[in-house]
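Novice: Here are the chains, one letter per residue:
Number of protein chains: 4
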Amino acid sequence: MEENWKIAGKTLRSRLIVGTGKYADQSILPQVMQAAETDVVTVAVRRMNLAGMPENIMDSIPADAVLMPNTSGARNAAEAVRIARLAKAAGYGDWIKIEVIGDARYLLPDNQETIEATRILAAEGFTVFPYMNPDLYAARALVAAGATAIMPLGAPIGSNRGLETQAMLRILLAELPDMPIIVDAGIGRPSEAAAAMEMGAAAVMVNTAIASAKEPVKMAAAFAKAVAAGRLAYLAGPGSRRETAVASSPLTGFLRREPNHEQC
Amino acid sequence: MEENWKIAGKTLRSRLIVGTGKYADQSILPQVMQAAETDVVTVAVRRMNLAGMPENIMDSIPADAVLMPNTSGARNAAEAVRIARLAKAAGYGDWIKIEVIGDARYLLPDNQETIEATRILAAEGFTVFPYMNPDLYAARALVAAGATAIMPLGAPIGSNRGLETQAMLRILLAELPDMPIIVDAGIGRPSEAAAAMEMGAAAVMVNTAIASAKEPVKMAAAFAKAVAAGRLAYLAGPGSRRETAVASSPLTGFLRREPNHEQC
Amino acid sequence: MEENWKIAGKTLRSRLIVGTGKYADQSILPQVMQAAETDVVTVAVRRMNLAGMPENIMDSIPADAVLMPNTSGARNAAEAVRIARLAKAAGYGDWIKIEVIGDARYLLPDNQETIEATRILAAEGFTVFPYMNPDLYAARALVAAGATAIMPLGAPIGSNRGLETQAMLRILLAELPDMPIIVDAGIGRPSEAAAAMEMGAAAVMVNTAIASAKEPVKMAAAFAKAVAAGRLAYLAGPGSRRETAVASSPLTGFLRREPNHEQC
Amino acid sequence: MEENWKIAGKTLRSRLIVGTGKYADQSILPQVMQAAETDVVTVAVRRMNLAGMPENIMDSIPADAVLMPNTSGARNAAEAVRIARLAKAAGYGDWIKIEVIGDARYLLPDNQETIEATRILAAEGFTVFPYMNPDLYAARALVAAGATAIMPLGAPIGSNRGLETQAMLRILLAELPDMPIIVDAGIGRPSEAAAAMEMGAAAVMVNTAIASAKEPVKMAAAFAKAVAAGRLAYLAGPGSRRETAVASSPLTGFLRREPNHEQC
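Protein chains in written order, with my numbering: chain A, 188 to 451; chain B, 188 to 451; chain C, 188 to 451; chain D, 188 to 451.
I should point out that these hints are in silico values taken from the structure, not numbers from a laboratory. One or more of the hints may lead you astray.
Any copy, or any two copies together, can satisfy a pair, since identical chains are not distinguished.
[Unchecked claim] 25 Å max Cα-Cα, derived SDA-like pairs, lysine to any residue:
hint	residue 1	residue 2
1	K401	R428
2	K401	L363
3	K197	K209
4	K401	R269
5	K405	G289
6	K193	G289
7	K275	L422
8	K197	Y279
9	K275	R429
10	K275	A331
11	K405	E224
12	K275	E351
13	K405	A389
14	K401	D365
15	K401	E430
16	K405	R200
17	K275	M386
18	K405	L360
19	K275	A309
20	K401	P367
21	K401	N191
22	K405	A331
23	K401	D212
24	K405	L199
All chains, please: the whole structure from these sequences, using the hints.
Specialist: Here it is as structure tokens:
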């Protein structure tokens, strides 16, 4: 019943993008990916097997997953650009998630540096997915800069606080109907991922909520179902909310109209 | 990965109970039930084929579904009791969902009349599922009266407003850990059903949200997935919410520590 | 600009009722009362100077305050009735706030026992203010039992969690327009007291939020203003909420229409 | 009990800034200002009596109010700068509220153009109050550009939707403790103004909520009290929120410990 979707020429089945950070035990990652039924996986370029670094996270990622390297650790556009080029030169493809973070406490994305990095990398042929604070003007600038999709945050990274920015997310969804919007960061529960999809998000990205669960594999499966549920609900067209109640079952007159039942 | 559950001696796969009211076109019901992957279906006794009434909703309900007749239309305990007996006498089994509603605008359940009806019907051997306003004392009285599960409302019937009573639902879930709690009424979106399950509800009951969707069959499938997602998330043990951010990917020192990459 | 109001034959200026429990230092109470500009004060009968008990809280209450003794400590109707009679016999007037609590963790009121106590005490000539869980049927039963006003909770006592029950409070306010509704328990911030008044509450009762503040006298003054603000806003008739924006200032054409300003 | 505050060398009593747009009947403005007890009033430069324009809103503003002209109608930095200079040249002082809006539906501020206008006007000696979307990097850039205070929105202008951006407002308040933060736009109820002040805002700006009330003068008085209440509550230091209940009155043993009262 679910439909595939396309982005940057790739056909994907899943609308759940999964991150690979924060796992105490990385050997669980293949099971998490499988349970998540995900097609796209983000990995910090920092942790990829560049120049013989000891961490070898790539071994934990399924061979058929689409890789979305991210520039975490970049504090400005120039650093993000350099990290992106490193990943490409190392053979990790041309998808890049831009993360530019200059704030140590809330880890919020720097929209302006992100726009600049998007412009440079899109011009170089990268497929660019910028992580951003949901601001309508920044979103439009990212579209103009050549972003393939935008990735606004729901709440600070790793906070598991859900869709705190939902008023702004709704505006982005309403005003940029042709731009895929992938809600990234802050989603802490499958119900919140479903809610983002019901609002019309193209996909969601989840990392901490799975990695911090007591049973990450089970939680990955939960997110897979929730994202599919939210997408289906969006397509199904929810009914409107109402101030008062509306009976599901007929309320009037059952026993009153049928005096022959009175003896029961 | 999902587990079956048992209630009143029946083994069920699904934790989604579906209602049958409010469908403009009842011929769609079998497809809705199938998409919902539900095992339990509620039907107003009023609409059942008693004494040759013209409406024949029973033809639309899968033969293998567990039937949960409801007493909608009852305004007090006595009427609910009579409706329950009618259903049993007509061969519809001994499960009964008690709805006693004396309020025309918000259709709220009358807890005291519901407790009384529960006591009478449980003593007669019915398997009783009372619809209730989430109040801890009423919940305890329903347990004492012999209820098999309790069905507190999330919001007024048909309002699609979600979990407005969630503070009280959390208290019921915490204080009655051995009683199955089925959130009934008000759930308008699959994300809200998932949230109820994440809180620890045993099941949810949905009617209007499916019936009022533009595409009810698709919405039924969405709810099936969302309920399964919420249950899995509950079992997986979600991580805690945090005030500030926590990095998913390593943030420090990538480019700074590796001067040999600086030329990129 | 504020109007007096009447309840049970007394004319009051303030719509803020203040409790006297939980103060580390009771000598601060007269200042708190003054800052709160309150006319009505609740005191646990248990703490009143009955039969020469050592605690002498009555010394801390202004002589002109209307006293609302409460039955805290009562676990059922009979105990509440006895406590009420004790207070009256000791000369503390005929106002009584009924609190019947049989739950040790959330301290929720037992609506049924409260209705019973209300019936007995109202028949004896008491002016009865029952503390209750906001349930429409219980509210109607309290009206029928002779309550002067009803006191539904916003959240569990002492939790400072605000208006968690607001969906039910709105229903009570809509369905019982002639009954004074005093929101009691759970209010933790002046903004929440204001919100309750904006919804149409007749008054609010606050204890923990003031007593647990770092500076209780200042917080009492804050609540006095917030309650007055909320009442005025209710009377002023707030404008409706809107999906999109509406300019406060003219947005179009300023510079465009006035070419003579272009040189600036 | 309330303290004065200083901003840009002016001592103010009130923390409520009032707008002058959207009044059906402008003759009510002096009463609104008086009831609001405000010291600072914003007026669109467009509506000021420049070059003999017919609208003469300045007649409705108290002579002792501090005037905060705003640049509404500006679509970019250059237009905002020109409007600001116009106001100054016409003798309306050097305070300027920068509004740069390039979005017709939600009327959201354009942070980047606003930063640019702030830089130019602050360098020219204006006292600059930029209206902004609450983004931490933009807020820091505004500080660096010379803003006197920042004015983040709570919700789209005129929407009466309250503090939809509160997660970001909290971050700004935490990270910029030395910068006055004035919550502007979206506040629809006095309770919401109080909540903004309780969070630590320096002031709030209100227009639509007063102008769209059925009785604007009364609503202005309500906001005056609510803002003062919120400020006092912030200073008083609210107690913490708790999961479970905490008794306000002693709950244990009253009747049980005193057998001599049993006969009552």
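Novice: Does each hint hold? Answer for all of them.
Specialist: Hints, one by one, checked against the model:
no.: 1; hint: K401 to R428; verdict: between (35 Å within a copy, 14 Å between copies)
no.: 2; hint: K401 to L363; verdict: between (37 Å within a copy, 23 Å between copies)
no.: 3; hint: K197 to K209; verdict: neither (28 Å within a copy, 41 Å between copies)
no.: 4; hint: K401 to R269; verdict: neither (36 Å within a copy, 48 Å between copies)
no.: 5; hint: K405 to G289; verdict: neither (34 Å within a copy, 39 Å between copies)
no.: 6; hint: K193 to G289; verdict: neither (32 Å within a copy, 32 Å between copies)
no.: 7; hint: K275 to L422; verdict: neither (36 Å within a copy, 40 Å between copies)
no.: 8; hint: K197 to Y279; verdict: within (16 Å within a copy, 52 Å between copies)
no.: 9; hint: K275 to R429; verdict: neither (52 Å within a copy, 34 Å between copies)
no.: 10; hint: K275 to A331; verdict: within (23 Å within a copy, 36 Å between copies)
no.: 11; hint: K405 to E224; verdict: both (12 Å within a copy, 20 Å between copies)
no.: 12; hint: K275 to E351; verdict: neither (34 Å within a copy, 40 Å between copies)
no.: 13; hint: K405 to A389; verdict: both (23 Å within a copy, 18 Å between copies)
no.: 14; hint: K401 to D365; verdict: between (38 Å within a copy, 22 Å between copies)
no.: 15; hint: K401 to E430; verdict: between (39 Å within a copy, 20 Å between copies)
no.: 16; hint: K405 to R200; verdict: both (20 Å within a copy, 17 Å between copies)
no.: 17; hint: K275 to M386; verdict: neither (34 Å within a copy, 44 Å between copies)
no.: 18; hint: K405 to L360; verdict: between (30 Å within a copy, 22 Å between copies)
no.: 19; hint: K275 to A309; verdict: within (13 Å within a copy, 44 Å between copies)
no.: 20; hint: K401 to P367; verdict: between (32 Å within a copy, 23 Å between copies)
no.: 21; hint: K401 to N191; verdict: between (31 Å within a copy, 21 Å between copies)
no.: 22; hint: K405 to A331; verdict: neither (40 Å within a copy, 35 Å between copies)
no.: 23; hint: K401 to D212; verdict: within (12 Å within a copy, 44 Å between copies)
no.: 24; hint: K405 to L199; verdict: both (22 Å within a copy, 20 Å between copies)
Taken one by one, the earlier hints fail for this structure at numbers 3, 4, 5, 6, 7, 9, 12, 17 and 22, listed in ascending order.
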